[in-house]
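> Take a look at the letters that make up each chain.
Number of protein chains: 2
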Amino acid sequence: MLWVVFLNPASHSPIATIQFIPFYETHSMTYPVLINGEWRVSTGTTTFQAVNPATTEAIAGDYPVSPWSEVEAAINAAAAASKATRGWPGERFAKFLEAYAAKIEQRADALIQTANQETALPVEPRLKVAELPRTVSQLRQAAAAAREGSWALPTIDSKANIRSVLGPIGPVVVFGPNNFPFAFNGASGGDFAAAVAAGNPVIAKGHSSHPGTTRLFAEAAREAARETDMPPGFVQLIYRTSHQDGCKLVSHPSIGAIGYTGARHTGLVLKEAADKVGKPIYLELSSINPVIILPGALTERLDALAADFSSSCLMGNGQFCTNPGIVVLLKNSAAEQFISVVAQKFEAAAVGTFLGEGVQKNFIAGIQALQKAGATVVTGGQPGGGKGFSHRNTLLRVDAKTFINNSADLQTEAFGNSSLMIVAQDEAELLAVLDHFEGNLTGCIYSDTQGSDDGLYDRVAPALRTKVGRLLNDKAPTGVAVSPAMNHGGPFPATGHPGFTAVGIPAGIRRFGMLQCYDAVRLHRLPPVLQNSNSTGAWRLVDGKWTQGDVVT
Amino acid sequence: MLWVVFLNPASHSPIATIQFIPFYETHSMTYPVLINGEWRVSTGTTTFQAVNPATTEAIAGDYPVSPWSEVEAAINAAAAASKATRGWPGERFAKFLEAYAAKIEQRADALIQTANQETALPVEPRLKVAELPRTVSQLRQAAAAAREGSWALPTIDSKANIRSVLGPIGPVVVFGPNNFPFAFNGASGGDFAAAVAAGNPVIAKGHSSHPGTTRLFAEAAREAARETDMPPGFVQLIYRTSHQDGCKLVSHPSIGAIGYTGARHTGLVLKEAADKVGKPIYLELSSINPVIILPGALTERLDALAADFSSSCLMGNGQFCTNPGIVVLLKNSAAEQFISVVAQKFEAAAVGTFLGEGVQKNFIAGIQALQKAGATVVTGGQPGGGKGFSHRNTLLRVDAKTFINNSADLQTEAFGNSSLMIVAQDEAELLAVLDHFEGNLTGCIYSDTQGSDDGLYDRVAPALRTKVGRLLNDKAPTGVAVSPAMNHGGPFPATGHPGFTAVGIPAGIRRFGMLQCYDAVRLHRLPPVLQNSNSTGAWRLVDGKWTQGDVVT
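One line per chain: the protein sequences are X and Y, in this order. Quick note on this note's numbering: the first sequence kicks off at 5 and runs consecutively. Quick note on this note's numbering: the second sequence kicks off at 5 and runs consecutively.
In short, the hints are calculated from the structure, not lab data. Be aware that a few hints might be false.
Each pair may be met inside one copy or between any two copies, as identical chains are not told apart.
DSS-like mimics (lysine-lysine), calculated; alpha carbons at most 27 Å apart, straight line [stated by the list, open to error]:
1. K549 / K163
2. K87 / K471
3. K479 / K163
4. K99 / K365
5. K252 / K280
6. K163 / K376
7. K405 / K376
8. K335 / K405
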């Protein structure tokens, strides 16, 4: 193995890898990790490679599995960065976020090319037109929120001189998922933006399926951090650790909070470790996102519904957190017709590529588990059919009685291009199905526009409401707008706490704040956002009223 | 044992025990539990009695330890109540809370007499003038918040028609502590008021040290619930369960969230059970509430500070969550003088009575643990000196080096009339002491009024800020105003999550809400607080601006 490492003459640490990309892409070498502002040769002894899911071939370049000493170095640097930035105005974090967004745009082509290679997600429209613009927009929205300060719910009781606001919670570890290499990336996505907007350093744990993409982000973030005078440990990147070290990381005394988006099992292991020492851990785990189609809607617009549903379900090869994995129908000929039309669309649609071999394996296991639990295959059910790691678009069905009797197994997530149709004999069975749902991110109800479904809607909606974070009408769940009113969250096991959202500003930022109250603190010592004069124009709850004005004493 | 039970002719269940109080107080019998709106004879086979801490004698009347079947019946009734109240306007919960507050006032004398007997807390001013008025005031503030709706942060994106609001999280179990028989009681306190204001039924777990007080509250709550047409399972009471059943209760699928105030060990056992299944559990555990007195303040007003500190530390015999258990001083003659004056005040002050034998035992163990860890007794240190369960007012001291080297043991909480003075050699040592603090509810800094301490303040305050929920200047921590800006919370292990407060409206209510988003939901189907017309005048975040107005489309 050939090693060419240029050392920084001052610090003797390796210089940023950006200069070596052409070399890395043709030769085998281990990429460094980003610790305390520098790209360091990892001291880890094991490595892994990314795999191109479309060709199933490994991509040149090794990524290190960091040993505990390296993880600890990152934690210490993050703690120092947290200390160094204490009391900084939101403006400082905003400037970094904006500089970072600009740097991402500057290297958009490299990011898109690398992500396409590592994830098989299409360049257009997905990566180029949808996800990259969304990512920089999130960073800029977070910057605006950080600058202005309303997100932190500043609250002033002027008579008692008690004032409170959400302040930085401390270093945040962000575990990004496999399915959004940009918008949920640990080094650039929604949790990253929110944690920074709240004033916290981030240790990004890159997802193993797209380490190159994450590396490019970290390079841009490091440059932006330097240019905006952030402390060296403000943004760091490690690619992988042992499971044990992952648990030590999330439960370390210097860590403030954790954001995790990914598989349920790993998430729950991390949750247990973090919970034990009272570290807030925000999880986004699996969700099957039930869709209830009421009979009037089928009578009114069956073909449109089938088209809408099929396209939502197969979008991105079904690899969305909000993918509609269950459809509930009332038994009648229209329901049979609907299933049949959807099956035809599933057969006609191109089969996409999975994000990786693991996704394919879990998908196959999921489909088998559903069948074992009583579901039957309407169409699909076989691996292959697309480029690389793939599986035929798969539609399953089961009757409501079987579902009710075996609801846990029949809620196994088959993450990918599949869905399960549940056919209920009557309304009572349909409502019983809802009562057996676990917590989900979303729930949709389709009803007719003339009112014939309204009575049933009024019985279905309250039951579904408590099971899902976001309730939709006549709309597929796969679009997750970055809106202040969005909830990308929901009851366990979809997330770890039903009061928080992972998407949307300002609410998403609040996850990474600790409530800081100032009781009788002398006025000149208060943070700017709590002083009588409202310098940033933040919305503040002053003596019971929301206002952008000054406190009049 | 003589049993006289009047049965309800309709339901054959026992009639409310209020009618039997004179009988209960002179004879031995087992009190019923409140399940699904009725006082039921417990099926438990073991019982316990309250003890008068001032006389150390048992109080007549047995209270049942509820078996699992009884706990389960309460859970099922609460789940039914939760279902029955889905979609109710805040007005309904407000009416109940107000009726309940009035009923508490009607039976104030009985409550105060019983609480005084069970806790030895003085009738005046504590129970009558301070705690009872605070309790009914909290209930009425919660009612006003429920009626008006701003607490739930209604957020509207009118262009996208995405709207969100905090809705009821589901049945809440409230475990009340021993030290506030009214204001934090599981059946009447802050968590109770907040859970109900958010629209949730409550299962109160009474504290074993004051079951009679809790029973009187539950009787009043039951009457208020009947008069305001709440479902029968809306307020329920059990007195005690096995530890195992307590864990089953907090992790039951039908439970929405848990509020717990009390000892750390029990709280952490419940936390583990709840965390495992993603049930939000809000804990208020032990806290030692450090006080930092800067040298200029001692020079300026030593006697006033000693008086202020001693009175805060011994108030309620030191049995406050925010009791100042640690004082940090810079070594000099004024610090020695301060310790000496406080010691004199501790010796001169009357010794109070502990809330129970367990508190006395833990206090003695705490003082011994601190001594074993290197602290020495300045004054006190011996049991007795007051009526019943008591211990002499105890002041300890330790040098900063010893504290830093053994900081975990030296942060053992001795809940009661004691405090530990830490004397630091220099500023660096003082700052190192702060770095070793665990999470706390409060932290106080006293500085001089002329500015001589300001430089040091600026180094001390940022370090203390991240360790405490509430930072105070020149003020003792024991007063916890029910203010919208209050934070009665803080980092672990003071609580389980640093983003929430147990005292204060509206923030305290938000703990018991789940985020409910409505995406493209037809306008007439939205809950009233999210409709275009703002019927309750709630503050809503509409298109980025807080307003009480309607949505203009």
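> Which of the stated hints cannot be reconciled with the structure, identified by number in ascending sequence?
4 and 6
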